[in-house]
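Peer 1: Chains as they are written, first to last, in the working numbering: chain A, 1 to 169; chain B, 170 to 776.
Worth double-checking, as some hints may not be accurate.
Calculated cross-link-like contacts (lysine-lysine; reagent style DSSO-like; alpha-carbon spacing at most 30 angstroms) [unchecked claim]:
id: 1; chain 1: B; residue 1: Lys659; chain 2: B; residue 2: Lys538
id: 2; chain 1: B; residue 1: Lys659; chain 2: B; residue 2: Lys648
id: 3; chain 1: B; residue 1: Lys682; chain 2: B; residue 2: Lys730
id: 4; chain 1: A; residue 1: Lys87; chain 2: B; residue 2: Lys508
id: 5; chain 1: B; residue 1: Lys730; chain 2: A; residue 2: Lys3
id: 6; chain 1: B; residue 1: Lys398; chain 2: B; residue 2: Lys538
id: 7; chain 1: B; residue 1: Lys398; chain 2: A; residue 2: Lys3
id: 8; chain 1: B; residue 1: Lys538; chain 2: A; residue 2: Lys152
id: 9; chain 1: B; residue 1: Lys508; chain 2: B; residue 2: Lys538
id: 10; chain 1: B; residue 1: Lys538; chain 2: B; residue 2: Lys355
id: 11; chain 1: B; residue 1: Lys748; chain 2: B; residue 2: Lys648
id: 12; chain 1: B; residue 1: Lys538; chain 2: B; residue 2: Lys326
Please keep in mind that the hints were generated in silico from the structure rather than gathered at the bench. No experiment lies behind these values; they were computed from the predicted model shown.
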Amino acid sequence: MMKQQIIVSGIGGQGVLFLTRVIAQVAVNRQLPVLTAETHGMAQRGGTVLSTIKVGDFASPLIRTGQADTGLLLWEANLEVHQGLLKTNGRLAVNATAPGPGERIDASGIARDLGSAVLANLVLLGLAVKQGILFCSAEECETAIRQLAPAKFVEQNLTAFQRGLSQQA
Amino acid sequence: MSETIQLLMGNEAIGQGLIEAGCQIAAAYPGTPSTEILQAVIDRRDQAAEPLHIEWSVNEKIAFEVALAASYTGKRSVAVMKQVGLNVAADPFMRTAYLGIKGGMLTIVADDPGPHSSQNEQDTRLFCLQARVPVLDPTSPAEAKRLVPLAFELSEKYEVNVVLRPTTRICHSRQNVELQPPVTLKRSADFRKDPTRWAATPAFLPALHRKLNANLEQIATEEPFQPEKTAGDGTRPRTALVASGIVYGHLVDLLDELDLTGCCDLFKVLMPYPLNPEFCRRLHDDYDRILLLEETYPVIELQLAHPGAVGKQTGDVPREGELTPDVIHTALAEFLELKMPEAAPAERRGQRPSLCPGCPHRAAFYSIKKCFPHGIFPSDIGCYTLGMNLGAVNTVHCMGACISQGAGFYQAYAQDDGEVPTIVVTIGDSTFFHAGIPALINAVIQQARIIVVILDNATTAMTGGQPVPHLGIAAGGGKTKAIPIEPLVKSCGVDFLEVCDPYDTEPFEALLKRADDFIRSDDGGVAVLISRHGCIMDREVRASQPAYRVTIDERCIGCRKCVDAFECPALQMDAETGKAVANRDRCIGCGVCIPVCPVDAIVKEDS
Ligand code: SF4
Ligand code: SF4
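Same shape as in the complex, but just chain A (with noise of 0.2 angstroms):
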């Protein structure tokens, strides 16, 4: 069976949470079983949080040093926290301008382009799924963004998705 352990790295109000629920749904939409751990409480007022997420036959939400495939970072500054975490042949998509370790993207910008810096979490989203570093497909993304965003949100929260599906890397 398909395994993948993944860590979305970021600070309190960018959406990190919103980010995790969209990757786990689309396990849960494709029938495979999905862990994830999140951070709330305190942290959650613009400390660094971290989920992670473990797709396939896992028994823990936890990730271990040197153990995770995939690293989503949304605050660049996060990446000496949480680098540990992941395999040395793992992937990493960042939410960056200047160059640097990863597949990378000034998902802020242009979040704040489509009106709320918030979106970040998408447009990084999209970026990691263009690079083939997360089990997703672009359609099974959309999918669980449809089913996860309000309503009035959902047409913004595609748009940011496919900005960074587009981006050139």
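Once you've looked at the hints, dock chain B with the ligands against the given chain A.
Peer 2: Leaving out everything else, chain B with the ligands in the frame of chain A:
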């Protein structure tokens, strides 16, 4: 895709389980990581097959007592809280063990190994051992839900309160969970009076205690809750791994990753107390070496008392902190004499949390610190603990402690000859209702001279905005009577009471100074200042206040006051220019930072 399988957070799975099991009275006080359980019940109340009363109680003791009496009538009930909430509910909880219940009653207590969002990492399972209450320790969100109806049945069979103890990693994990239709129990309230039980005097207690102990012996052998064994392949004879809770899940994944699945016998303990003596005997007879993995205290280990067992008691497993997969890896490698894992890189904390941009608490804290640079600042549990970052929070202890601590500081200083520093206590509105009122009465009658600032943001913000008693809103949004704070404060005997929006810096600071004059005057006492401005996370609050376009102009001298002392996360220093900049993505344009700048470099353009 099947609608009966949904992606649910552990807390949602438990809430769903309560609805499915026919729970009719659900009471809780919010607290991370337990909060979403009652919220999930609220969100699903339309699915309930029978009438359902849901309440955010004023505190955990009250939640417990409401659920308890409801159970006396034969209905199923639940009280939900976080681990330190059980300390507040300890009094009724302990007596309930002796007196028992009628309709199924669960107490769901969420523990926080780590801790991630709590003032300690106490273990509810150990609390249950001392209280003599059966406790279940689920290993996944799906299992937590599966245990809810079984726990109600156990509770009803023996007429005992049963505790379900999820930990943060169960509460805040999501998993595919299967839904079931709710049961219909058709129970009408029927309280059968029995003073020898419901009002038991000491004369009746030895018999009740005897009955409890007899029940526990039976409960220990109840089939659905027996430890589950996965037999090993025999390569490591007379060796066993024993785990409970989410740690069991970590262990299973770890064994798989290390290609060690089946390397020895593995036990999953679902009910850590009461532990079946037969299980203990088998472990003593059949194994020479046992590794025990459990969070947070050595509850199974203590009951097992096996000479070959290693765990927290022996110091082979860390006694503090969360048992993460990395921690377990090290313990397992030592136990099985495997290659030791590379030392995990020292944990980095990353970005520290801070009060939100535009948070009214920041405005209040900045003014308090500014008016009383040498003051003593006891504070309390909630978002506003983060006032620490501004140097305006010196103590944080437990719900409501700040007012009594403020009074204690006063009594100790006032005995000496020197100047008594100004003591400014900060307490949130929800915390004030929870445990602040008796403390305020006490401070007044003991003649403490302190300033109490009630940070009224009209919500329980830390846990996501549950209603508070002065709003007149019940769980689920219905209307109820509002209990305003001002008359309450007055009837506690407070003679100085003022209300001010902390965004209005000047009048707010003037009131703080007047309060200080009052407490130092001849007939001074406790002064209360209500700092009133809605939580900025509330959309309506945001929409109702002006949003300025705040920028920092060339006058900035790079003194860092706005970044360090005021600490709005929307303000940063630009490394190149050495000047402060406002981050467009995060600034909400409240304008409170403007008077902070000594050279008027922070300016607003109307928008
Ligand atoms: S106006 Fe000032 S205090 Fe308010 S959010 Fe913006 S930077 Fe922070
Ligand atoms: S804006 Fe004002 S307070 Fe902030 S660094 Fe510049 S001079 Fe200092």
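Peer 1: If a hint holds in the structure, say so; if it doesn't, say that too.
Peer 2: For each hint, the structure was consulted:
Distance restraint check for lysine 659/B and lysine 538/B: the Cα-Cα separation of roughly 26 angstroms lies within the 30 angstroms cut-off, and the hinted pair is therefore satisfied. Distance hint between lysine 659/B and lysine 648/B is fulfilled; the C-alpha atoms sit about 25 angstroms from each other, no more than 30 angstroms. With a C-alpha separation of about 22 angstroms, the suggested pairing of lysine 682/B with lysine 730/B holds against the 30 angstroms cut-off. Taking the CA atoms of lysine 87/A and lysine 508/B, the gap is about 18 angstroms. The hint holds against a cut of 30 angstroms.
The straight-line distance between the Cα atoms of lysine 730/B and lysine 3/A is roughly 50 angstroms, outside the 30 angstroms bound, and the hint therefore fails. Of the pairs offered as hints, the one joining lysine 398/B and lysine 538/B is violated, with about 59 angstroms between alpha carbons and a cut-off of 30 angstroms exceeded. Taking the CA atoms of lysine 398/B and lysine 3/A, the gap is about 26 angstroms. The hint holds against a cut of 30 angstroms. Annotation: proposed proximity of lysine 538/B to lysine 152/A is violated, straight-line Cα distance about 43 angstroms (limit 30 angstroms).
A C-alpha spacing of about 54 angstroms is found between lysine 508/B and lysine 538/B, which places the hinted pair above 30 angstroms, so the restraint is violated. Between lysine 538/B and lysine 355/B, the direct Cα distance comes to roughly 59 angstroms. Violation of the 30 angstroms bound is thereby established for this hinted pair. The straight-line distance between the Cα atoms of lysine 748/B and lysine 648/B is roughly 50 angstroms, outside the 30 angstroms bound, and the hint therefore fails. Taking the CA atoms of lysine 538/B and lysine 326/B, the gap is about 58 angstroms. The hint is violated against a cut of 30 angstroms.
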